[in-house]
Amino acid sequence: MGSRFFRGTALLAMFLAVAAVAMTLLVNTTSLGEHPWLRVFFSVSALNFTLRASVPLILGALCGILCERTGIVNIGIEGMMLAGAFAAFVAKTSTNDWPLLASLLFGVGASLAVGGAMGLLHALFSIRYRMDQIISGTVLIILAAGISAYLFDRDAVAEGKFGAIALPGLSQIPVFGEVFFSNPPLTYLALLLVVVVHVALFSSRWGVRTRACGEHPRAADTVGIDVNRFRYVNTMLGGMLAGLAGGFLVLEAVGQFQEGMTAGRGFISLAAMIFGNWMPFGATAAALLFGYTQALQNELLLAGITTVPRQFVSMIPYVVTIVVVSGFVGRVRPPAAEGKVYETESGSE
Amino acid sequence: MNHPAVPALEARSITKIFPGVVANQEVSLHVHAGEILALLGENGAGKSTLMNVLFGLYHPTQGEIWVDGQPVTLKTPRDAIALGIGMVHQHFQLVPVMTVIDNIMLGDESIRYGLLDRRSAEERIRALSRQYGLAVDPHSVVEDLPVGIRQRVEILKALYRNAKILILDEPTAVLTPQEIEGLFAVMETLKRQGKAMIFITHKLKEVLRIADRILVLRSGRVVGEADPQTATQPQLAALMVGREVILTVEKGAAHPGAAVLEVTDLQAKNDLGEPALRGVSLQVRSGEIVGVAGVQGNGQTELVEVITGLRRASGGQVRIGGVDRTHASPGQIIHAGRCSHVPEDRHAYGMVDSYTVADNLILNQYAQPPFARAATIQQAAIAEHAEKLVKKFDVRTPSIETPGGSLSGGNQQKMVVAREFSRPIQLLIAAQPTRGIDVGSIEFIHQQIVAKRDEGVAVLLVSAELDEILALSDRIAVIFQGRILDVVDRAAATREGLGLLMAGVKAEPTQGVR
Chain A
1 MGSRFFRGTA LLAMFLAVAA VAMTLLVNTT SLGEHPWLRV FFSVSALNFT LRASVPLILG
61 ALCGILCERT GIVNIGIEGM MLAGAFAAFV AKTSTNDWPL LASLLFGVGA SLAVGGAMGL
121 LHALFSIRYR MDQIISGTVL IILAAGISAY LFDRDAVAEG KFGAIALPGL SQIPVFGEVF
181 FSNPPLTYLA LLLVVVVHVA LFSSRWGVRT RACGEHPRAA DTVGIDVNRF RYVNTMLGGM
241 LAGLAGGFLV LEAVGQFQEG MTAGRGFISL AAMIFGNWMP FGATAAALLF GYTQALQNEL
301 LLAGITTVPR QFVSMIPYVV TIVVVSGFVG RVRPPAAEGK VYETESGSE
Chain B
1001 MNHPAVPALE ARSITKIFPG VVANQEVSLH VHAGEILALL GENGAGKSTL MNVLFGLYHP
1061 TQGEIWVDGQ PVTLKTPRDA IALGIGMVHQ HFQLVPVMTV IDNIMLGDES IRYGLLDRRS
1121 AEERIRALSR QYGLAVDPHS VVEDLPVGIR QRVEILKALY RNAKILILDE PTAVLTPQEI
1181 EGLFAVMETL KRQGKAMIFI THKLKEVLRI ADRILVLRSG RVVGEADPQT ATQPQLAALM
1241 VGREVILTVE KGAAHPGAAV LEVTDLQAKN DLGEPALRGV SLQVRSGEIV GVAGVQGNGQ
1301 TELVEVITGL RRASGGQVRI GGVDRTHASP GQIIHAGRCS HVPEDRHAYG MVDSYTVADN
1361 LILNQYAQPP FARAATIQQA AIAEHAEKLV KKFDVRTPSI ETPGGSLSGG NQQKMVVARE
1421 FSRPIQLLIA AQPTRGIDVG SIEFIHQQIV AKRDEGVAVL LVSAELDEIL ALSDRIAVIF
1481 QGRILDVVDR AAATREGLGL LMAGVKAEPT QGVR
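So the sequences go chain by chain: A and B.
Its first residue numbered 1, the first sequence is counted upward by one per residue in our numbering.
Its first residue numbered 1001, the second sequence is counted upward by one per residue in our numbering.
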């Protein structure tokens, strides 16, 4: 039942993607581009914005996939992201006098480290202290929001951010070269990570063991796999990816930190993960869809071609998230052992 | 039989103590290559604990484990696997969403260029399949496979790790009679190829059929050893339970009255939307037991669900006590229809695991006096009711406040039976009433069913165990692919005849019900 549904959805998505590619080429190379509404939907700037808005969602969704595939529910992606963003900002502002690249890389390192630490905290709460994983995730969100707001130095300024690197050759492709191959480094990294996580999850020893831990931990245990070790490691790795998403916001997208700057991206990542059925490529497609709605919102406001009040236009990404997720929940299938503590030698047989 | 002098696996006075419970006390056993040792015992006798000790899942409080004449320490299953010990778990340890290949190689993956080498794993699996006669498609996803095939995957998983000693924990509990025959054939093959096997069960007939030696466990101790050539079922049952057990059900002739349950041309679909009942017609009169025999999955489950209001009929009629109840709610059927239901899956439909025994005993009467008055629950009446039933139905529980889920399987079932049998009823639907429970409890439940019949209740018994059908029924209906193939009187029924009917072969034309 489910598979037919997904095949249908995948076909529809493919059809829409082909149509969108065709329209994009036409709008950006022919006189169709003079039409303001078509420009809102298909211009290069809309697509660039889509990618930029999607990167943190992609990284956040990958974080969710790593955690949940191994059996740990992670509702705290938002907090991990915010902590990563704040760490990147502090690292960047305290090394403003370093060479720019070194300072930025230091920021990336800080976001990874703090994100990983948040992951470790979540794993400790969930595994060692058997805290309800929803509560633990919520704690992380509140913790990150509180600490970052308290420690935030409003006078500090981060000088410089990652710039675009045009890939030689590829960036010369009309339209698509501009969209895909003229991006800053963390964007490339995020897209690369999607492939890496997918291959690792389904074709590596680590991946098959990770999924076993998330689906049937006792089966994993009986063949000698240390379930809780996998859960610790993967939750930390996931935390690092969410931290990197925060680092992207500060070091590549915005260039500064603002209180609560993740603005619900962690939750939208969660929605992308669910919509993508806990698959890296599926989640990426969902993240791109959600990113596109943000781009639409942005382009609509910039173009000033609608009389709808801007507050309603700003709702588009959230409304789409709700509609899409509510349509899909119940059809997708989460890892079976998600959220359940695994204990050994309990004697409760 | 000539065995090498050294046993493949030996346990020397193993004691395992859980907080407050001695699960195994000074248990010793040994098994040789090419030998099947049966470990017989009731539920809760300590069989599974002992096996978990031998597989490294539990650590013995005292005692030693020897493999091939060497003392060994098993800290984790990994150690046991490395020593050639493999376990086929009662609850399969397979990841449902993964393929057979992934499940089998999990934890022992073939790696090539840093990635999984599924092809070489597949070749090894196919070779093992051929060698031991365990046919299975390596690419199928486990959740799509029937239970019998999943068990093969579980056995292959152990063989893939070069197991020389196989522990089979209640392997027949989940199988149909045909699948059990298939398993026994596999076990014979494994035996010929020199594997040592420990076969755990509480079913006497199976033990006598397949084992080379029998060890009986009761309350965590070895209480006896038997030779299957000479042992008899009553002897083994007495050893297992600790007292004489009557294996045949004592019952007099039936005195059937008016029809209570009348099912006419009933049709229904299964969960996948496929037709499961294709026009079932059946009558059960008061004071008789009608057994429904058939191989699992021929519509028995759906038939019971439609009669009890848990599934919608897509055609036909169900009359209970002369009233049309085809589309009545379960509540109406239970109360107005005076019907009791012992469901086949007690955890899903028969009880609430986390509720106390007392609360479980009033699940279908909680809203009626004396258990409820106006909007309040009457705890005193509930407790009194519970104490009475626990005593009458011999439910062994520390107290009536104990959560139902923490009782042993047999006692859970007795609890469900106690609730369902203690109301004034005209119709009793008993689906697999003794599945997975011990001999002592089976005997008791059978007596209760016969007692209900003698009170004038109409009983519909659905069971996958042909022995149970033959022991209890006054008439036997055989269901095949959603139709009642034939209804025969108990006196005229033979095991062979029923077996043929269950396989869909209708030998000679019998007049009467279609």
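Hints in this document: simulated from the structure, not taken from any laboratory.
Since this is a predicted model, take the numbers as computed values, not measurements.
Virtual Cβ for every residue (Gly too), placed ideally from N, Cα, C.
Please note that a few of the clues may not be correct.
[Unchecked claim] Distance ranges between label pairs, derived from CB positions:
{"hint": "1", "chain 1": "A", "residue 1": "Met-315", "chain 2": "B", "residue 2": "Gln-1481", "range": "53 to 59 Å"}
{"hint": "2", "chain 1": "A", "residue 1": "Met-315", "chain 2": "B", "residue 2": "His-1059", "range": "56 to 62 Å"}
{"hint": "3", "chain 1": "B", "residue 1": "Gln-1193", "chain 2": "A", "residue 2": "Arg-218", "range": "55 to 61 Å"}
Now for the hints, and whether the structure bears them out:
A hinted range of 53 to 59 Å for the beta carbons of Met-315 of chain A and Gln-1481 of chain B is consistent with their spacing of about 55 Å. For the pair Met-315 of chain A and His-1059 of chain B, the beta carbons lie near 59 Å from each other, so the given range of 56 to 62 Å is met. For the hinted restraint 55 to 61 Å between Gln-1193 of chain B and Arg-218 of chain A, the CB-CB distance of approximately 29 Å leaves it violated.
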